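Top line first, the protein sequences correspond to chains A and B.
Read in order, the letters of the first sequence correspond to residues 1 to 298 in this note's numbering.
Read in order, the letters of the second sequence correspond to residues 1 to 302 in this note's numbering.
In case anyone wonders, no lab produced these hints; they're calculated from the structure.
The model shown is predicted, which means the values in this text are computed figures rather than measured ones.
Cβ atoms here follow ideal geometry from the backbone N, Cα and C, with glycine treated the same way.
A hint or two may mislead.
What the hints assert, rightly or not - Restraint-style ranges between C-beta atoms, simulated for each label pair:
hint : chain 1 : residue 1 : chain 2 : residue 2 : range
1    : A       : Pro98     : B       : Thr296    : 50 to 56 Å
2    : B       : Gly192    : A       : Phe131    : 30 to 36 Å
3    : A       : Phe131    : B       : Gly260    : 50 to 56 Å
4    : A       : Ile273    : B       : Gly100    : 51 to 57 Å
5    : A       : Val56     : B       : Val132    : 19 to 25 Å
Stated by the list, open to error - As a list, the in silico SDA-like pairs of lysine to any residue whose alpha-carbon atoms are at most 20 Å apart:
hint : chain 1 : residue 1 : chain 2 : residue 2
6    : B       : Lys154    : B       : Gln232
7    : B       : Lys130    : A       : Leu64
8    : B       : Lys108    : A       : Ile65
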Amino acid sequence: MGTAPAPIPPVIPDLRRSREERRSKILGSFKAEGVRGVLIAILSTLVFLGVLIAIVINSPNWLLIKQQFFNSREFSNTFPYVLHGFFHNIEVFLMLEPLILVFALLLAVMRSLRGPIFFPIRALAIVYIDFFRGIPTILLVYLFGFGVPALQIPGLPHAGAFWGGVGLLLSYSAYVAEVYRAGIESVHASQTAAARSLGLTRAATLRFVIVPQAVRRVVPPLMNDFISLQKDTALLSIVGGQFGEAFNHGQISQQSDFNFTSLLGVALCFLVITVPMTRFTDHVLERQRRRRMAGAAL
Amino acid sequence: MSALAAVTILVFTACSKASSTASGPTATTAGETAAACAKSATFLTSGTITIGTSNPAYSPFFQGGTTSGSDWKLNDPTTGKGFEDAIAYEVAKRLGFSPGQVTWVPVKFDQSYAPGPLPFDLNIQQVSYKPVRAQAVDFSTGYYISNQALVAVKGSPITNAASIADLKQYKLGAPIGTTSYDFIANVIQPNGGPASYQSESDAVAAINGGQVDGLIVDLPTALYMADPYVQQVKNSVVAGQFTNPPGGTPPYWGMTLTKGSSLTPCVDLALAEMRRDGALQTITKTWLSDKTNVGTVPLIGP
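Sequences and hints are given; from them, build the entire structure.
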């Protein structure tokens with residue numbers, strides 16, 4: 001570091017500089033360590049990977065595992081079907097997500113209503129959320145997918161995948177309602193008091209003051225639930241039928257050829273969507289944090 | 001009663017071909033018996049033979065029913081009753097094991113071909129041979145070849161179908177990993193695609209819930225599902241069976257073993273003995289042909 005005296009840190013943090021630092025956190029740590037640090041990092045990564053690969057390749061069953069899990073011919077044979085199925089996953093996700101957002105908000109508002117007169121509505125929302133959040137999603141999908149069509153109610157769709165999707169909708173609405181509720185409760189009580197003192201009705205307070213602030217605050221956790229839902233569309237495979245989503249196609253090839261490689265294709269499809277979504281969520285979180293920090297600095 | 005006759009004849013003409021094309025080492029010396037071969041083979045637990053099958057063990061391949069306290073659903077294989085059950089005990093006998101030395105383990109289908117040593121000496125659960133599958137496990141020679149059949153609700157429009165072309169407009173389901181599923185996907189090719197199910201029970205639930213118009217299953221399974229005394233599929237009939245798809249016979253059913261198992265050639269010897277002295281034919285007649293309460297099943301042509 002030399003003999004130069006350390007600069008006195010500014011009282012107000014330089015926002016632009018700290019942003020850049022955060023953006024390149026990994027590189028930043030290299031800078032601190034210098035070239036030697038970079039070399040050590042590269043070397044240790046290579047050694048780590050080398051040991052890992054050596055362990056896997058030298059395992060007694062590696063040839064069989066390679067044949068049954070990492071089979072390039074099997075991959076190219078099955079991937080087109082898997083990819084075709086994956087468009088169905090995206091389709092379901094895009095259909096369900098808006099419905100869940102609206103339904104869950106309704107539930108959260110119902111649960112947040114104050115006053116004895118709203119007790120039945122509040123109780124209903126609580127019972128619903130407890131019930132559907134307490135049952136494993138896979139079970140809901142299965143029970144709805146096979147149970148509802150068996151009721152043979154005239155006029156309702158018979159497709160198991162449709163009802164499996166309803167199961168996903170009900171389960172996720174319960175989760176997302178709780179996320180919304182956390183947001184609603186995080187808005188300070190003084191906001192309600194101020195809005196009411198301005199002459200806004202209870203409903204208008206909720207609509208124009210509380211909910212907009214609440215929703216903005218819970219965008220990152222909501223996006224986590226998006227990612228989760230995107231992955232859980234694979235649960236529809238247990239209902240089967242003509243729907244044929246990605247995991248379903250993967251399993252069909254797996255069972256037909258006694259080879260698990262097709263499932264790697266399924267994993268790849270999901271990663272291509274979920275990893276960018278995760279990075280984007282990080283980005284949104286970071287932007288929110290920066291906004292709050294900026295407010296604090298002023 | 002005659003529904004299975006054609007199939008049965010087919011099995012025994014096709015098996016000679018099967019034994020020559022099947023994979024696996026044939027390191028047996030001429031004239032060696034299955035019992036002698038088994039003496040030098042290794043078993044999971046010496047002194048017993050461990051045999052795997054699915055749980056639930058489906059009829060008519062297992063038919064003993066189950067007792068309270070048993071871990072087996074539908075049928076307990078230790079009873080020795082049912083087509084595959086009888087074959088398993090007969091093979092075990094020829095390998096030198098008494099019925100008391102047979103241990104059954106429940107094996108999920110996808111567990112039966114996981115890489116590495118498998119939790120059984122021998123697995124029997126209607127697994128059809130495919131060359132690609134033989135890269136993962138050893139197959140014995142065939143003990144059965146089944147036609148595919150259509151199960152549907154009595155009087156529903158699909159029961160009038162006379163050809164594969166007639167079937168394209170309907171929703172047809174089958175459990176995945178079966179010849180039946182491949183038959184829908186590759187031969188019938190319905191307009192809306194095949195409906196896949198994770199298990200036979202799910203497929204039955206689907207047709208009972210009106211999700212599909214018909215199920216394609218192996219003929220013996222179809223005869224069981226639609227049996228007037230069983231009616232696993234409610235109010236059902238076997239609407240037809242299919243002639244072999246163009247390009248050859250349907251795949252045979254073999255027992256599966258860990259890849260490279262020293263027992264594989266011994267099982268092949270046992271099956272060859274059973275074919276030679278008529279035991280296989282007798283078991284097939286006893287547990288499949290004689291058991292069906294469904295009359296002649298019409299053929300659905302191409």
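Evaluated hints:
no., hint, result
1, Pro98(A) <-> Thr296(B): 50 to 56 Å, "holds, 55 Å"
2, Gly192(B) <-> Phe131(A): 30 to 36 Å, "holds, 34 Å"
3, Phe131(A) <-> Gly260(B): 50 to 56 Å, "holds, 52 Å"
4, Ile273(A) <-> Gly100(B): 51 to 57 Å, "holds, 56 Å"
5, Val56(A) <-> Val132(B): 19 to 25 Å, "holds, 24 Å"
6, Lys154(B) <-> Gln232(B), "holds, 13 Å"
7, Lys130(B) <-> Leu64(A), "holds, 18 Å"
8, Lys108(B) <-> Ile65(A), "holds, 19 Å"
Hint violations for this structure: none, all hints satisfied.
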